[in-house]
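Asks: Letter by letter, the chains look like this.
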Amino acid sequence: MTIAGTDITKAFAGKRVLDAVSIDVAGGEIHALLGANGSGKSTLVKILTGVYQPDGGAIAVAGRKLDAIASPAQAGKLGIAVVHQEVPLVDTATVAECIALFRGYPTSGGRIRWRTLRREVEEMLGRFDAPIDPDRLAGTLSPAERALIALIIALDRVDEAGLNLLVLDEVTASLPRDEAEPYLNHVAALAARGVSVLMVTHRLAELHGRAGRATILRDGRTVFAGAAESLDDEAIVAHMIGREREPSSGAPARRAAEVGNAKTLLKIEKLAVDRLAELSLELHAGEILGIAGLAESGIAELPQVLSGAAAYRAGAITMNDRALPRRGDPRASIGAGLAVLPADRLRSGGIASLPVADNIALPDVDRYFLRPARERAMVEDVIDRFDVRPPLRQTLFGRLSGGNQQKALLGKWLHLNPSVLVLDDPTSGVDPGAREKIFDILREAAANGIGILFFSTEPEQLAALCSRVLVLRDGVVAAELTGGDLKHETISQWCYA
Amino acid sequence: MKSAQVVGAKTPAAANRTPAVRRLLGVVFARYGSLVLLVLMIVAFSLKSDQFLTVANFQNVLVVQSVVSCMAFAAIIPLIIGEFDLSLGYLIGFLSMVGAFLGGAGYGAPVVIPAMLAGGVLVGIINGLLTVRLHISSFIATLGTGILLSGMTLGISGGQVLYSGIPRLITEIGQGSIFGLGPAVWLTILLAVILYFLLEHTPIGRKLYAIGGSERVAFLAGVPVGALKVVSFAISGFLVGIGAIFALGQSGAANAGFGPELLLPAYAASFLSVITYRPGYYNIPGVAVAILLLAVGFNGLNLLGAPFWAQPIFNGAVLLIAVVTARAESRHIRK
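Chain order of the listed sequences is A and R. Heads up, the numbering used here is the position in the first sequence plus 373, with the first residue counted as 1. Heads up, the numbering used here is the position in the second sequence plus 126, with the first residue counted as 1.
Each hint should be verified, as a subset may be incorrect.
As the list claims (entries may be wrong) - What the simulated footprint calls covered on chain A by chain R, stretch by stretch (three residues with Cβ under 8 Å from a Cβ of chain R suffice, anywhere in the stretch; the number is not a length):
no., region
1, 496-504
2, 516-525
3, 680-688
Unchecked claim - On the chain R side, residues computed to face chain A include the following (Cβ under 8 Å):
no., residue
4, Arg294
5, Lys333
6, Ser340
7, Leu346
To be verified - So, partial list: chain R residues that the calculated Cβ filter (under 10 Å) puts toward chain A:
no., residue
8, Gly270
9, Arg332
10, Val343
11, Ala344
12, Ala347
13, Pro350
14, Gly406
15, Asn428
Bear in mind the hints are in silico, worked out from the structure with no lab data behind them. Bear in mind that the values here come from a model prediction, so they are computed numbers and not experimental data. Note that the Cβ used here is the ideal one computed from N, Cα and C, for glycine as well.
Given the sequences, and given the hints that come with them, work out the whole structure.
Replies: What follows is the structure in structure tokens.
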């Protein structure tokens, strides 16, 4: 056994995130760590890599007992290497320079010995059969190549003899499935040489035949620990999401049967953009259509295209029988009656440095030229209707809490009376109270005949709110869930399977 | 320039707890502290010097400031959208030289004045297109066009100071008098009123502030970001053209070295504007107060017999002290 955490407990602001969780990784083993968002798996990884220190429990590294790993630097000294999902490369530097940034430049008399560096880097790349030119700019590398360089950098910080644990923290999430395979084979080869690997992943298929054991966390507790062989996908998902959870309160919007005859507002046919391939869907008046999928499913691209921020490659988007231009134009989208709340509230949603009033009025500011009283009345009405707190027009948008920012942005777009409202992960960073208010607003909007497209990575929310859910996987619709199938367990199953 | 950090006026909720008088005083100091300082300075200088509070002295102070005001107005519009225009100083020199050259070639005001204004607009459009279309940082693009213009200024001048044939209308604007003030001063006041209205009370002005706050949010809200940026640079160039007409009229000559020294005072006044009227945002009333503050300080110190090197020290100190004391409001200056 090269690393073992016993009864690790951790709380943030009084809320227990990890409750007596134990995990051990043996030499030569790939150990899978699984869990839904919020299960505590990231916290556990951070404790094992020295980012956080546990409140209770013990960690043993190669037989050495510790209460905690004090810092990432100490984790490095203990022989723990981590690869994160975000690759630490400078796009404008060469591969050799990126690697030297971490291991240091070979110098003589203060001068960089470029030829030595190049030789060293070539040697490192050679060990992984990676035919990458050390002089290439990091920005030109493919995602798979970037991931590989990140792995090489992480391993380089600890010499292999002293390597007690290699942590892979969702590193394949940004890779297309076929590109992830060679990467995983490198990892398997490392394990075969005796390295212990802790692999955090959402993709269950990656584990088959590779992982020895698995630990599954839910709500900060271990719900499964044992041989990965004994688990099928269904069992893993069942452990991850639990069966006993109460469905969220609040009636979903009108069911599919009711809206089936309603007018089609938005029609997407064989849309292709980035990772989306041939995506088709129809949105009807009065329905809340949920779109689920993991980060790499292509789910992020669609709201961008609908808002006019991104162009699309092929296919067609029609709004109320009007085609949206392929090159992407926000004015065309707005003019067609589409309103989009982007996921990144502070970069794309609202202007932090301007008052709430200016943010709400921005899309149709022309209408209020020389009519300040009318604008003021509109803004106060929106603040009141959407329950923005504090209810003051002049508060800077950036000063509002996440939930109130989102309510103000809903007001900004809904007061234009759009026919379709698109929301991209609207509840991230939003407190539960504001979330319920937002859901109420959406149900009311749907009842008034607006079509709502709701993108979310949280199956519980989709199940609570939507009348129909499409699950995206690998750029296409993998499943359409309605009626009795529309449960958060089913959504998860389709996402993760 | 595009800092996501937010520091701004106190929320009214916090102010509600203080008594009405203190609240009023708080508003006065937060929004008009610089105006209070201006009044105090005028009172102090009047007590110390007999010549300060005279009509002639005020005429003098204002006339000189009309050119600087145009330059500051020209600087503030790109600043609002989060861009810099460093070509302003070279451009005013260039346009003055073009005016003097055309005058010397025998053209009258109906040709010279439109030519100077059109020249400014053209350079502004070029600056805008370099920034928007070619995605060059405006800081670099306008430095490039500015240096290029300075060479053209020298070329047109032929190494001479041009003073013959400057149209009478231009010298009248610079040196004449209407109701006790120069036409340039009246025009500057008119310009300030128009720009104030444009920036504060029209959709275009509000879209410019939105672009400065977040280009992406403005774009997603349907604001034509690229077109408005080009328009902003064009307005900026037009204002420099007006400043060039004033400068040419006042001095009656065009000197190839004229211009660059106006750039930094224009920016100082623009940055100072964020402490007045609408704290945290570049604004026209703020620029007007800042220019008067700097001008009155200079003039008063002069009359009191301060040494020749006192002015830049005063200007620099005012900028730093004002911005430090009003730090919470000076969102645009604190990175």
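Asks: A separate judgement is required for each hint: does it hold in the structure or not?
Replies: Each hint, compared with the structure:
| no. | hint | result |
| --- | --- | --- |
| 1 | 496-504 | violated (count 0) |
| 2 | 516-525 | violated (count 0) |
| 3 | 680-688 | holds (count 3) |
| 4 | Arg294 | 40 Å, violated |
| 5 | Lys333 | 7 Å, holds |
| 6 | Ser340 | 5 Å, holds |
| 7 | Leu346 | 5 Å, holds |
| 8 | Gly270 | 22 Å, violated |
| 9 | Arg332 | 5 Å, holds |
| 10 | Val343 | 5 Å, holds |
| 11 | Ala344 | 7 Å, holds |
| 12 | Ala347 | 4 Å, holds |
| 13 | Pro350 | 7 Å, holds |
| 14 | Gly406 | 7 Å, holds |
| 15 | Asn428 | 39 Å, violated |
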